[in-house]
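Given chain A, put chains B and C in place with the hints provided.
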Amino acid sequence: MQQNTSWVPLFPEQASSFAWQVDGLYFYLLAISAFFTVGIVAAIVFFFVKYRAKEKFANGAEIHGSIALETVWSIIPFVIAMTIFLGGAVVYYNQYRPPAEAMEIYVVGKQWMWKFQHGTGQREINELHVPVGRNVKLTMTTEDVLHDVYIPAFRTKADVVPGRYSTIWFNATKPGKYHLFCAEYCGLNHSGMGGWVYVMEQRDFDNWLGGSVSGQTPVEAGKDLFENKLGCASCHAGGKDQRGAVLEGLFGSQVKLTNGQTVTADEEYIRNSIINPSGQIVEGYQPIMPTFKGQVTEEQLVQLVAYVKSLSTNKGGGSMTTGATSSTTNSSVNTTSGGNMTNSGAGNTNSLVAPRADRGATSQGSNPNAPPSEPETTGKKNN
Amino acid sequence: MVHDDTHEHYHQPGLQHQFEDMKQQAESDSIGMWMFLVQEIMFFGGLFTVYLVFRSKYPMAFAAGSNHLNEWLGMANTLVLIVSSLTMALAVHYAQLGKRNAQVIFIIVTMIFGAMFLGVKAYEYAEKYADGIVPITGLNARTDKKILPKDEKYSVDPESRRRNSLGFPDSVETNPQVPRENDTAKTGEHVGEHEEEYINPRGDFIWKDTSLADKALAEGYLTDNEKLAYMTNGEISQAKFQDKVRIFFWIYFAMTALHALHMIIGLGIMLWLLWKAWRYTFTPDYYAPVEMVGLYWHFVDIVWIFLFPLLYLLGRHFLHGGGH
Amino acid sequence: MENVNALNIGNIKPEPKVNYLTNGTTARSWLLTKDHKRIAILYLLTVSAFFALGGVYASLIRLELLTPESDLLQSATYNRVFTQHGVIMVFFFLIPSIPAILGNFLIPIMIGAKDLAFPRINLLSWYLYMAGGGLTLFALLQGGVDTGWTFYTPYSTTFSNGYVMLVGLGIFINGFSSILTGLNFIVTIHTMRAPGMTWFRMPLFVWAHYATSLVMILGTPVIAVTILLMALERLAHVGIFDPAIGGDPILFQHLFWFYSHPAVYIMILPGMGVVSELISNFSRKKIFGYEFIAFSSIAIAVFGFLVWGHHMFVSGQSVYAGLVFSFLTMVVSVPSAIKVFNWGATLYKGSISYDTPMLYGLFFIGLFLIGGLTGVFLGALGLTVHLTDTYFIVAHFHYVMVGGQVLAYLGGLHYWWSKITGKVYSEFWSKIAAIIIFVGFNLTFFPQFILGYMGMPRRYASYPPEFQVLNIFSTAGASILAIGLIIPLIYLTYSIFFGAKAESNPWMLPGLEWRTSSPPPTENFEQTPIVTWEAYEFGEENGLDMEEARREILAPVV
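Residue numbers (my numbering), protein chains in the order written: chain A, 622 to 1004; chain B, 1054 to 1377; chain C, 141 to 698.
Next comes chain A alone, as it looks inside the complex:
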């Protein structure tokens, strides 16, 4: 929200408790740099004019050096460098040592999206909502390659390394919307791997945790989820380089699966593909899609299915009007989700907070959503 509006932006927003320290160090170094640059350049220009050759091949004065001068200009930069080192070390210590009392948020990077999980169970993709004035600690890892969480307004970043956890912390000082970037090169869509950090007043944050109100139609809401909130578009809408299946014209068509079956892409199929992607891999695609179970509420699932359906009707494949589609969607999916609720044992589809019970259900193994690689591995072994 708080965009820099000057014509040439020169300075980023300051929105964390230690941002001023980083900026202080920056200005200290700028001052030192300006002093030396101006001083040396001025001296050079002065000498250049004053001592220009007056006669061809005239020699300069015979000065070979001065130990005293050399010592002075070795020691002065060294002392200045040490002040910079100490200043930098102090700020670094503040940046990387999270306070004991901190709200924990878990972060998982994946080519090319950020997944956040709040302590309360709320999950987000490419968006992070945090309250103002609270210590927030991010504990981060990645599923594939190196990534790097970078929030310029907070002046902090850290690489996210597979197989280990890295942490950063911040205390946001100003409500607003700030850039979140991936700063470690991670492949094809590196520059698209980012999003926004929303800093909210505590009251707004509590409201947000409690649920969201939206005046959008299911298709619009689904589009928003697809393109922004869940990041589906990073794999399913990229033109010829996209990694996921093509969704335009999908609904109602016959889909050939890797296990040889052919199924009709109906609402049930789309829904299952979202929460249990490895269950039905379309021929010609890798089983790389992560499960979205637990991250999307049933309500959001409905919206997503509605949106995927709209992709087919817009292309003129179906005879139904959009309005008719969305009403059909609502009714049919309601039935589906009801059935599934009973299956998985996860309740409370109305709350945006994903049920904690979800995790337990998974580890007991009663869940249809087996880790994607399991069946595949077994299959390989039998070959």
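Watch out, some of these pointers could steer you wrong.
Said to hold, decoys possible - Computed list of lysine-lysine pairs in BS3-like fashion (alpha-carbon distance at most 25 Å, straight line):
| hint | chain 1 | residue 1 | chain 2 | residue 2 |
| --- | --- | --- | --- | --- |
| 1 | C | K563 | C | K489 |
| 2 | C | K174 | B | K1076 |
| 3 | A | K677 | C | K571 |
| 4 | C | K489 | A | K675 |
It is worth saying that the hints were derived from the structure and are not from the lab.
Below, chains B and C without anything else, positioned relative to chain A:
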């Protein structure tokens, strides 16, 4: 003023045009060779660093792999190389004295020792091939031996393993507060269900013996890092342990193969040297090539002196004595 | 030794009948030559070709970044373009530029030798360079790589679809070219110095190359083995860089930067050497604090091996490692500061002339100053957390690499052009080009410091729209820079065919390279020189006859 008129007209055999005299040329050759060896040290140094990093991470897996190597063959090879260094030094000595026949004999003897070393090495490699512990899939004997893996997770495809170990969101690994030993709830359920016959038609790397790690666990000197690395569901996982042993064998092959490559190059150069010596090229005034080849050969020898204890001997005490 | 020196007295010596360029004209006489000067020419042609190719990639990058969306190039293409820009510029242009061209040509002449110690190995170096370059080009034609020139694992080992192994092999082979060149220089400097050429009479250009060669010999093998490990990992998936099966992706970064940080000094020390020559000779004054500059080169080379961890402040190494590396980084900045102060002090009471090489020398000091100081920003722990992996770091290393090494290279090329080719280039156009390059360079890269502090990450094909204005400045600057770099190509080429014949010693300088004809004969000197003067000795002790020179050279003017 002319510096030295004589060299303009008189060229010693072996003096190259860019040098003023033999002394300058010999000095250049010597410094050049030493610089080359410094470069070699840095080259092997990178590999030794990798060895040290992983040995300190996974001492038990390295001990297991190391104990499998035949220390007597390694010992024999060490002796062969040390003796070949002696014969090489004698070849240089006789080159300095200008004794052609002794030179030729000792070069030939050195080459025979070098070939012996390579022969033993080849025999060891063949053993590894037959045992199925070459760390590259497809480079092992394709066996129809029936193998019952303890853990169904066995797979050489890193892609599938990656997703196993860091699934989101169902994996508890997204929540670091849950200790990672318990991280096996999801995979553990399958243990026992999928035990089935495994045939090795692709020449996969196979390592079943986890006894060292079991013993270390029982006696309490398995490090925390190793526990995380080897264990699934509270017990040592064959598949996980195998991965770490595979790293040992990979380093073993990388280092010994590079060493053997240096030996082969050395033998090639010696063949050239032999031809030169045969033709009476070297005199008490000009023997730099023999000396340089000697330096190279000693260097290759020294590398092996480090490789032998690091790869063959370190970790043997885990097998025989206690773990401390 | 009496101050009688056969080749010193006549400043303008009779031309030898055959110089190194006319000594054999067949392709064979060039491709199988063992003459260090001809090999330098071979390098000049091939390195320039790689520079041009890298430049084309650079223009593509800047054009794409003109708009926030990734429209001109898709992400997939953009990633390949910036990777290939990096690989070509670093490994095939910056590293060989000054050492393999100017160093190869001048080191033997500057110390009074007939050739390098191992001429055949020198030729082998060039062939290795060509083989490495050829493999890399082949990989680029096949589709290239998209890993970034740093090849970070596990992306490069497991995920990338590019021709990583082929490019890796190219870099591996090219590494040995650089090792052999370094080896050759060290041996030559140790054993081939002419009578009287003591260590402390050597030009600083030679000292700088000695330090560079140390880094080449000690560092390059490590990257060779690292690239080898990466390629084998890609082949066999053993997992030494793959955390899922027990490996460590950070280990790769340690090994990579252990070489690649010192490699940064391979890319700047020779430039510093060139600038020491330019500043001293065009001020006609002995360089201020010769020993300090010489030893600071060695100090930079040594300390350069202890600071690799400053590339990894945010990669998850321990806080204590961060502190140690930051401290050492601050220490290594001091020798560079000493050099800058000494160059400045050399101008004091000099007799400064404004020839084109001197312009480059002065621009170098200014740009290197900014590049060096912003390096201190990046060495300061708290600040680097914000700045690393942003455009700040891109701007910083371009100020050092382009503002430093490339300007020094151009300065050196102009300075010794008459010696290398025996022809004179257009002083007017060369000054224009130097100024255009300076302006274009600053306009290209200065806005990137601001972009970096604003938080724009590097290696982004598309970026938030608020960064566009500064990116437009940068792209505009890049077009000016491109024009500035094309002009020398034209007038230098023109001078080869139509330029006036050069004097042996047009500036009456004391260095040994100016005491042989332009171009030099194959054996460099008619007779082995005997050195009786200190480096940068402009007094009478250097044996040059100024009176004679003034009469002869200034005669038409008077």
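For each hint, the structure was consulted:
1. K563/C x K489/C: Distance ~32 Å between K563/C and K489/C Cα, so the pair is violated.
2. K174/C x K1076/B: Answer holds: K174/C to K1076/B is near 22 Å, not above 25 Å.
3. K677/A x K571/C: holds, 19 Å
4. K489/C x K675/A: Distance ~12 Å between K489/C and K675/A Cα, so the pair holds.
Hint 1 alone, counting from the list given before, is not met by this structure.
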